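Asks: As a plain string of letters, each chain reads:
Number of protein chains: 2
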Amino acid sequence: MAKKLIGAAVFGQSGGPTSVINASAYGVFKTALEAEEITNVYGMAHGIVGMLNDELYDIGQEDSYELSLLLNTPSSALGSCRYKICEEDLKRIHEMCEKYNIRYFFYNGGNDSMDTCNKVNDYFNKVGYECRVMGVPKTIDNDLMGTDHCPGFGSAAKYVATSIAEVHQDAYVYDTPGVTIVEVMGRNAGWLTGAAALASYSGSPPDLIYLPEIPFEMDRFIKDVGAVLNEKNKCLVAISEGAQYADGTFVSQATTSATDGFGHAQLGGTAARLAAVIGKEYGVKVRGIELSLLQRCAAHIASQTDIDEAFLAGKSAVEHAVEGGSGKMAGFTRETVDGKYSCGITFLPLDICANTEKKIPREWITEDGTFVTQEFIDYVLPLIQGDNNRAQENSLPRFAKLKKIKAK
Amino acid sequence: MAKKLIGAAVFGQSGGPTSVINASAYGVFKTALEAEEITNVYGMAHGIVGMLNDELYDIGQEDSYELSLLLNTPSSALGSCRYKICEEDLKRIHEMCEKYNIRYFFYNGGNDSMDTCNKVNDYFNKVGYECRVMGVPKTIDNDLMGTDHCPGFGSAAKYVATSIAEVHQDAYVYDTPGVTIVEVMGRNAGWLTGAAALASYSGSPPDLIYLPEIPFEMDRFIKDVGAVLNEKNKCLVAISEGAQYADGTFVSQATTSATDGFGHAQLGGTAARLAAVIGKEYGVKVRGIELSLLQRCAAHIASQTDIDEAFLAGKSAVEHAVEGGSGKMAGFTRETVDGKYSCGITFLPLDICANTEKKIPREWITEDGTFVTQEFIDYVLPLIQGDNNRAQENSLPRFAKLKKIKAK
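Top line first, the protein sequences correspond to chains A and B. The first sequence maps to residues 40 to 447 in the working numbering. The second sequence maps to residues 40 to 447 in the working numbering.
The following block holds chain A by itself, in its conformation from the complex:
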C-alpha cells in the first residue's frame, strides 16, 4: 500500500473532442471530489495551456447536477488545446503544481496528450516533486497502443455506421446511376472508417471501404467503383480522410498545406476530390460527403457503452492514483462474462501509449483490401451498444452549464 498522499487534483482535456470526453471528465471529477485524500479539484482551461497561464477552474464550486450533465455533453467542457510542451513549460507546470499543492495530475487525450503526460511525469520524477500523474485515453481514431479500444471510438463508430445505413437508403433511391463517397475521419488508422461496415446490420453497408492501412491506387479505385456501378447501378464508398498512396502521400493533397500544432497535415476534401475523378470517368452523378465534425460531437447518438466506459476510465485513473499509481494510462481490456462482452481496466505505462499508433491488423481487412472482415465487425459491435439516455429540453440537447469559477 502506497503512502497516503494529500493534496489537490487537476484535470485537463487535450486534442480533438469526442462525444464522451466529458464523461471521462465527470468520472475524474466525481471520484476526485469524493476522495478523502484530494483536497481540491481543478480543471485546466484549454488543457495544458491553462496550466501554463494559471487559468484553472475550481470544480468543487460547480453544481452537482450540471456536472452530471457532462455525461452527455459532447466536446471538451473545459476547452482543449493542441500544444506541444517544451522543457521551459515543464518548469512552469511544476511551479503551478506547487502553487496549488497539486499532487494528482490527470490528462485526457490521444497519442500526443499521452506524450505530454509522460513528459510531465518524467519531469516530476527528475526533480523529485511528489505528484501522481495519470493519463486518461480519448480518441475517435481508436489508435492508442496497449488498450483494447479507446473512449470516444464507440460513439463515433455508431454515428458512422448509422449515417452510412441512412445515406445508403437515400443514395439508392433513384433509378439513375449514382455514386456516393463518404469521407470518415482517421489519419493513419482506419478503425472509424471500417466501422461503416456495421451498417450491414441495417442491410445497408457500403459497397467499398478504403482504409489508410492499404495503399491507395487510383486506377484500382476507379475500376472497383466501375465494377459495382455496373452490377448495381449505384455505388456507396466509405473512405478514410487519411487514404494514402504507397509512398505515404495523402489522396487529398490539395488540403495538406494547413497543419496543426504538431505538424500533422489537416486533412479533408478526399471525398470531393474522388467524386470529381469518378464523375469525369463515368459521367454519372457523384456526391461526396464529409462527415466532418459531426462524427466526433454527435452526442445525441453516442453509445451508452462508450459513455459508461469513458466515465470508468476517468474514475479508475483517480482511484489508481489515490492508491499510489502513477505514470500510467487507464486502458481497457476485453473480457467475456457469461458469454457476453465486458470491459476491464488495465494500467499501461504512459510511454507505450505515447506517439505510437495502433492500426487495423491486416487479417481484419479482406484480401482485396476494400472491406473489413467479420472479425473486425465483431470487435466493434459491442462498443456501439445502447442509446444515450440524454437530458433534453424542448426535444433539444440539454448540455452542462459550468460556472467556471477561477481557482485562487
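Treat each hint with caution, since some may be false.
Subject to a maximum C-alpha distance of 20 Å in a straight line, what follows is the list of computed EDC-like cross-link-like pairs (lysine to aspartate or glutamate) [to be verified]:
# : chain 1 : residue 1 : chain 2 : residue 2
1 : A       : LYS123    : B       : ASP214
2 : B       : LYS442    : A       : ASP214
3 : B       : LYS379    : A       : ASP97
Hints in this document: simulated from the structure, not taken from any laboratory. Remember, it's a predicted structure, so these values are computed and weren't measured experimentally.
Once you have looked at the hints, place chain B on chain A.
Replies: Just chain B, lined up with the frame of chain A:
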C-alpha cells in the same frame, strides 16, 4: 356524399427523400388496405417512371410488420424519380390505370410532384376517366404554399438544430480563433437554415444565419464574421446552400453547372467557398461543413411529431378520396388545443401547391438579415418535438424490408 368508387389504388414517391416520406407511404398503404372500396394497393417503382414502365409493386402481399417499419425507414422505400411528364406520358398513365383498374391515384412529393399530380388530375377530367387524384406533401424545404408546414421539415429542422448545437460545442473548444460555416439545404427558401436558431435552446446557437430570402453581399458577410470573431474569438455561421446575390446568382457558382431533371441548379459547396474567403481575409482556421444528405435521411433523430403528421397526411388523403375528394393536396393547419400546438388537416387545390414556393416572411427575419426572430423559432419548435421511437437491432436501425412483388 359522393358515389362509392370501387377499384385499385396506386401510390408513388417523387423528388428528394426525407426522413418521413415512408411514414406517409405507410399512412396511405394502411388506410387503403383497410378501405372496403379499394380492391388492390399498388406502389410505383421510382414514382411516375414506374407507372410509365409498368413497374408496380403489389403492396397487399407485403408483411404487415415490415410495412409498419416504414414509419422509421428514411428515404423512399419504393424508389423515387425526378421526371417531368409530357402529354404522351399522361396517355400512358391513363392506359396503366385502365389496365389495373386504378381509381385512386396518390402522389407524394414537393412542388414539382404536385404539378405532376395536377396534370394527371386534369388529364383524367379531360378524358373522363373516373379516378380520384390526391397529393401528399413532402419536402424538407417547407416551401409548399397553402399548408402551414410540410411533412419532412420537422425532422430535418431537428437534425439541423441538434447538429448546430453539437457543432457549437466542438467549434468553441480551442482557445485559438476559428470560424465554422455550416451549409444547410434549401434552394430558394430558408426555413431549414433558419431552424439552426433553435440550437439556442441548447445554449449553442449559430452567431449568424444567411438565408436565400435576403440578398447576399460578400463584403457585408466578411464584415459580419469579422465583428463576431473580434468579440468572441470564434464565429459559427449557418448558411443556406441557396444563398444568392441580389441578381439571383448563387454564392456557390462553381457548382451550378450540373442541373437536375427540372433544370434546377444542383447546389452545394457554398460553405467551402466562403471558408476559403474568410480564411484568406482573416488568416484564421476556418472549417466548412456541408450537412449534405444526412439532414434529409437521419431518421434516427426524426421528430415523432413529424412522423405522426406524415402518417396523418397519407391517411387523410386516402380517406378524403374514398369520400369523393379529388384534385387536392392534404395540407396542414395549425390549431391550438388547450393552449398547445395541434395539427389539423385541410385539403388544398393542387394547382395552388404546384410550382409556387413559400418563403420566410420578411418580418420573421431580423432587421439586419442575419438571424431569425422569436416568432420564427416559435413556429418551428412544436414541429421537432418527440424522439423517434424506432426499431433497432444491435443498436443499429432496423429498416423495413419490402418484398416488392411485381403487380400482375
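Asks: Indicate, hint by hint, whether the structure satisfies it.
Replies: Each hint tested on the structure:
This hinted pair checks out: LYS123(A) and ASP214(B) have alpha carbons roughly 15 Å apart, not beyond 20 Å. Proposed proximity of LYS442(B) and ASP214(A) is supported: the alpha carbons are some 18 Å apart, at most 20 Å. For the proposed pair LYS379(B) and ASP97(A), the alpha carbon gap of about 42 Å is over 20 Å, so the pair is violated.
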